[in-house]
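Colleague: If you want the building blocks of each chain, they are given just below.
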Amino acid sequence: MRFPRLRAIIFYSFLFATSAPVLSLVVLTVSAAWRYPSLLPTVFSWRYLVSVLAQDRRTAEALINSTLIAALTTALTLLLAVPAAKALGLYQFRGRQAVKLLVLLPLMVPGITVTMGMHLTLIHLGLAGSIAGVVVVHTVFTLPYATRVLINVFELVGEKYEKQAAMLGASPRMILTDVTLPMIMPGLLSAAIMSFIVSFSQYITTFFIGGGRILTVPLLLVPHLQSGEIQVAAVYSLLFIMSTLASIALMEGIVRKFYKGAYFLQT
Amino acid sequence: MANIRLEHVYKSYGEQQVLADVSLEIDDGEMFALLGPSGSGKTTLLRLIAGLEAPSAGKVIFNNADFTHVSAQRRKAIIVFQDYALFPHLTVWQNIAFGLRAGGVPRVALESKVHDILGLVHLKDRQHSLPGELSGGQKQRVALARACVLEPRVLLLDEPFSNLDTGLRQSMRDFVAALQERLRFTCILVTHDKEEAFMMSRRVAVIVDSRLQQVDTPEAIFTQPLTKKLSDFLGEANYLDGRVQGGNFYCALGIFAVNAPDSANAVGRFRWDQLALTREAGPHQGRVAAKSYAGKATYYTVTIERGHTLNVFSARHDFFVGEEIFLEVLPSAVNVY
Amino acid sequence: MQEKSPLLKSCGKNTSCAGRLYATWRPYILVAPLVTFMGLTFVLALGSAVLQSLGFVPGAAANVLTLRFYREVLLESDFLTSLSYTIYIALVATLLSNLLGVMVAFVMLSMGQRPKWQRLLYQVPIVIPHLVVIVLVFHLFSQTGVASRLAYWLGCITHPNQFPLLVFDRLGIGIVLVYLYKQVPFATMIVAGTLENISARFKEVAYNLGAGRLQLCTQILLPLLMPTILSVFLITFAFTFGAFEVPFLIGTPAWNTLPVKAFFYYMRPDLTYRASSMVINVLITVISLGFAIAYGHILALIQRQTEGGER
Numbered sequence: 007m008r009f010p011r012l013r014a015i016i017f018y019s020f021l022f023a024t025s026a027p028v029l030s031l032v033v034l035t036v037s038a039a040w041r042y043p044s045l046l047p048t049v050f051s052w053r054y055l056v057s058v059l060a061q062d063r064r065t066a067e068a069l070i071n072s073t074l075i076a077a078l079t080t081a082l083t084l085l086l087a088v089p090a091a092k093a094l095g096l097y098q099f100r101g102r103q104a105v106k107l108l109v110l111l112p113l114m115v116p117g118i119t120v121t122m123g124m125h126l127t128l129i130h131l132g133l134a135g136s137i138a139g140v141v142v143v144h145t146v147f148t149l150p151y152a153t154r155v156l157i158n159v160f161e162l163v164g165e166k167y168e169k170q171a172a173m174l175g176a177s178p179r180m181i182l183t184d185v186t187l188p189m190i191m192p193g194l195l196s197a198a199i200m201s202f203i204v205s206f207s208q209y210i211t212t213f214f215i216g217g218g219r220i221l222t223v224p225l226l227l228v229p230h231l232q233s234g235e236i237q238v239a240a241v242y243s244l245l246f247i248m249s250t251l252a253s254i255a256l257m258e259g260i261v262r263k264f265y266k267g268a269y270f271l272q273t
Numbered sequence: 028m029a030n031i032r033l034e035h036v037y038k039s040y041g042e043q044q045v046l047a048d049v050s051l052e053i054d055d056g057e058m059f060a061l062l063g064p065s066g067s068g069k070t071t072l073l074r075l076i077a078g079l080e081a082p083s084a085g086k087v088i089f090n091n092a093d094f095t096h097v098s099a100q101r102r103k104a105i106i107v108f109q110d111y112a113l114f115p116h117l118t119v120w121q122n123i124a125f126g127l128r129a130g131g132v133p134r135v136a137l138e139s140k141v142h143d144i145l146g147l148v149h150l151k152d153r154q155h156s157l158p159g160e161l162s163g164g165q166k167q168r169v170a171l172a173r174a175c176v177l178e179p180r181v182l183l184l185d186e187p188f189s190n191l192d193t194g195l196r197q198s199m200r201d202f203v204a205a206l207q208e209r210l211r212f213t214c215i216l217v218t219h220d221k222e223e224a225f226m227m228s229r230r231v232a233v234i235v236d237s238r239l240q241q242v243d244t245p246e247a248i249f250t251q252p253l254t255k256k257l258s259d260f261l262g263e264a265n266y267l268d269g270r271v272q273g274g275n276f277y278c279a280l281g282i283f284a285v286n287a288p289d290s291a292n293a294v295g296r297f298r299w300d301q302l303a304l305t306r307e308a309g310p311h312q313g314r315v316a317a318k319s320y321a322g323k324a325t326y327y328t329v330t331i332e333r334g335h336t337l338n339v340f341s342a343r344h345d346f347f348v349g350e351e352i353f354l355e356v357l358p359s360a361v362n363v364y
Numbered sequence: 018m019q020e021k022s023p024l025l026k027s028c029g030k031n032t033s034c035a036g037r038l039y040a041t042w043r044p045y046i047l048v049a050p051l052v053t054f055m056g057l058t059f060v061l062a063l064g065s066a067v068l069q070s071l072g073f074v075p076g077a078a079a080n081v082l083t084l085r086f087y088r089e090v091l092l093e094s095d096f097l098t099s100l101s102y103t104i105y106i107a108l109v110a111t112l113l114s115n116l117l118g119v120m121v122a123f124v125m126l127s128m129g130q131r132p133k134w135q136r137l138l139y140q141v142p143i144v145i146p147h148l149v150v151i152v153l154v155f156h157l158f159s160q161t162g163v164a165s166r167l168a169y170w171l172g173c174i175t176h177p178n179q180f181p182l183l184v185f186d187r188l189g190i191g192i193v194l195v196y197l198y199k200q201v202p203f204a205t206m207i208v209a210g211t212l213e214n215i216s217a218r219f220k221e222v223a224y225n226l227g228a229g230r231l232q233l234c235t236q237i238l239l240p241l242l243m244p245t246i247l248s249v250f251l252i253t254f255a256f257t258f259g260a261f262e263v264p265f266l267i268g269t270p271a272w273n274t275l276p277v278k279a280f281f282y283y284m285r286p287d288l289t290y291r292a293s294s295m296v297i298n299v300l301i302t303v304i305s306l307g308f309a310i311a312y313g314h315i316l317a318l319i320q321r322q323t324e325g326g327e328r
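Chains as they are written, first to last, in this note's numbering: chain A, 7 to 273; chain B, 28 to 364; chain C, 18 to 328.
Please keep in mind that the hints were generated in silico from the structure rather than gathered at the bench.
It is possible that some hints are incorrect.
[What the hints assert, rightly or not] Computed list of lysine to any residue pairs in SDA-like fashion (alpha-carbon distance at most 20 Å, straight line):
1) A/Lys166 - C/Val52
2) B/Lys256 - B/Tyr364
3) A/Lys106 - C/Val52
4) C/Lys220 - A/Pro10
5) A/Lys166 - C/Thr41
6) B/Lys221 - B/Thr250
Isolated chain A (complex conformation) (with noise of 0.2 Å):
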C-alpha cells in the first residue's frame, strides 16, 4: 500500500468537490447581501425564497409544466423503449444494427441541430408552441439514454424466464405482469429516472420548440443569470434539484411499494 495518505487526499478532495457546491448553492438562496469580502452572507434572510417560490406564480406554472412534460416524456419513451429494447437485447434479425444505430444516434448529433431540424416540421404539424411538440423533441433525446439501459437489461435477463412461464402454462399478459416487468423493473427504473432527468434540465429545446408559449423551470432560470440575479437563479437551481430528487424518490416509491421485497431490486 503505497502513499496512502496522497490517495486519502486524492478521493476526499474529489468528494468534497462534488458535494461543496451544491452545499454553497443553499447557502447563497437564504443570503440577502453578501459584500465583497466576506466568506458567509452579510445578512440572511428568507427573501429570495419567499419571493421566487411563494410569490411569483409563474414559478407554479413552470413547474407543473416542467413536471408534466417530464413525466409525459418518460411514460412515451418508455412506451418505445421497452418493446425495441426487448427485440434488440434478445432477437437476432436482419437490420438490428442499424436500429440499434439509429437509436444511438441522437448521442452524436448536437442537439440544437435536431432541435432547429425539427423546428420547421413541428410548426407544420401545429404542435409547435404545445405541450405535445415539447416532449415529443424531449422524447428524441431520452430515448439513447432509456433504450441502451433496457437492451443491457433484456440480454442479462435473457428470453429463459418467459419460455419458462409460458410452458408453466402462462398466457401471454400473466407472462408480462408477473414474469418480464418485475425482472426488467431495476432497468426500466433507472431508464424512466434518467428519462426524467433530461426531460427536466433540457432548456434550448423547449425554448425553440415552445415558442416563448410553454414556461418551464430552466426556462425561468436562464433570464436571471443572464442577468447576474445569481441569488434567484440559486433559488431556481434548488428547486430544480428538490424537485428532480422528489420525482426520483417518488418513482423508486412506487416501484418498491409494488415489487416490494423483490430481490431484483439489487441487481
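Keeping the supplied structure of chain A fixed, place chains B and C upon it in accordance with the hints.
Modeller: This is chains B and C only, laid out in the frame that chain A set:
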C-alpha cells in the same frame, strides 16, 4: 521446487471459520491431491499456499523457511485457475512470457524458455493466437505453460479439469501427469472428484467442513476412512447400528473384527461394493426391492431380516426385483464410528 | 407421431403457422413504433437541416438548391476561429475529465470498497443539470465569487478585479469547469465499474505470476480498460462539441462556438440566414459523426484484442 509444510493453519472470515487446524506436509516433487466437497475450504487452503490470502493463525513453510508473510509476488507458488484466467488481450506467447517479464528475466533467456515450454505443451503453431481463438484444452495448456515456465516452487491446480468435456478431461489428466513426471514440480491438485484425486496422486488429503479429515493413500482413504464425515463425503456406503465389544463389532450382518474401543452405540460402514449378492445359500437371506442399471454395474436395494435396507453395487445384472437372494460380506475391513 | 403429412411437416398445427410467421416478424413489430418515431422526428430533422443548408428555406426569398451558403460560411473570416475554439474546448474538457476520472477510479480501486454514502455523494453531479452547474461556477469562480473571496482572505489579492477572469473568459475556463464538474464523476462511475470487474478477475492472477502493482496497472488493467475509456471519451467529446447552453451562457462574448454561432444565425429576422445556420449544423454533425466512425474503427481494433478474448 519445494517441500511444503502447513502448521496449524486457521482461516476465518469474520464469524465464519473456513479452515481449522490444518497441518500437512507435502514432499518435494510430489503430486498431491486435496479432495473435498465444494465449500469445504480446499480452495482457500490453495490460496493460502499461494499467498493470495493470509492465514488467521498458523504457518506456511516452504523448504523449512517461514513463508507465511511472503507476498504472492515472491512465492512462486503458481495457481492454474479453474477458468484459466488467461489475459484476453495478450497472445499465447505474451501470456506465457508475462511472469518471466514481471520477474525481469533477460530477453534471450526469456525467449528460449518460452520457446521450450511452447514445444512441451504442443502450442508452437498457436503462439500468436489470442485466448479467445483457442479451444478449452488449448487454453488449459497455455495456463499450464504460463505457470510451469516460471519453474514454480509449487504448482497449484484448482479444479483444472472441471471445465473440460469428458473425453478431453482424461487426456488432459494424462498430459498433466506426464508433464509433472517430466518437470518434477511439487504439485497440488484441488478437486471435488474423488476418482480424479485417487487416479492422479499417491497421497490424498481430504477436507470436509473446514477440517482435515485424513491424509493417506487413495486405497486407505477409500477402504478405511477415519471419520464419519469423510465416509459421508465418499458416499456409496451402508451404515448399520451395532455395538463394539472386545474388538468385535456386532450388527445385523454378523460379527466383524474392528480396531475400536468398546461402545454400546456404534455405526458400522459397509461399502456398496463390499457386499455381494448370490443365489447360493449364504448367511443372510434377503429380497431385491429395487434395481437400477448403471452400465458397468447395477445398483440393487435389498431388504434383509428385521427390516434393514441395504444398497449393493454389483457387476451382475441378472437379479430381478422381488427375487429371494442371499447377501454376503466380502472380506474387507469394516469401519466403525 | 412418426408419420407426418407434408402439411403438418411444414406447419404443425394451424396456430403454429401463424406463430412461426409471428416469430419471424416479432422483432420488427417490436421495433416498429420506435423506428417510426425516430424516422418522423430525428431523421426528418436531419433531412430538413440538410435541405435548408442547401438553400431550401420555406418562407425565405429564393428557394433554389445551391451550395452558395456552404461557400459563404466556410469563407467567413471567423469560421475557422469558431471551429478551433469549439474543438479546443471540447478537447480540453474531455481530456481533463477522462484523465481525472480514470485517476480517481484507480484511487478508489486501491482504497477498497467505499461506503454507499460516498459512492452516492460523488455521483451527485451526474443528476445536476448543466444550467445549475453554470450557476455554481458563477457563484464560485466569478470575480466576486467564493474563490475570489478566499484569495482575498489568504492575502493573494486585495481587490476583486485582481482575481483572474474565469467566467466569460477567452480561455473558456468557466466552460471547462462546468464540464469537469459534470463529466469527471461520470467518467469515474463508468470506469470504476469496469475497473472493478477487470481487477477482480485478473489482479490475483497477475500477482500470482509475480507481477507488481505497476505491471498490473500498465500491462493488464489499462489495456483492458481501453475500450471503456474510449467510449467515455467519445460520448463526452461528442456532447461538449455539440453543446449549446454552456458556451452560450458563460462563454466569452469575443468568440462563439459553432453551435452558438448557428443559434445566432437562426435567430436573425432575415430567414435566409437560416440556411447559413443549417450549414453550420450540418458541419458540426458531420464532424461528430466522423469522430464516431473513427471511434468505431479504433474500438474494433482494440476489441479484436480483448473481447475476441475470453467469454
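Colleague: Quickly compare the C-alpha distance for B/Lys256 and B/Tyr364 to 20 Å and report which way the hint goes.
Modeller: Between B/Lys256 and B/Tyr364 the Cα gap is close to 10 Å, so the pair holds against 20 Å.
Colleague: Given the hint that A/Lys166 pairs with C/Thr41, does the C-alpha gap stay at or below 20 Å?
Modeller: holds (18 Å)
Colleague: Measure nothing beyond the straight line between the CA atoms of A/Lys106 and C/Val52; if it is 20 Å or shorter, mark the hint as holding.
Modeller: holds (10 Å)
Colleague: With the threshold set at 20 Å, check whether the alpha-carbon distance from B/Lys221 to B/Thr250 stays at or below it.
Modeller: Holds, at about 13 Å.
Colleague: With a cut-off of 20 Å on the C-alpha distance, tell me whether A/Lys166 and C/Val52 pass.
Modeller: violated (26 Å)
Colleague: If you draw a straight line from the CA of C/Lys220 to the CA of A/Pro10, is it 20 Å or shorter?
Modeller: The hint holds at about 19 Å.
Going through the hint list in order, the structure does not satisfy hint 1, though it satisfies all others.
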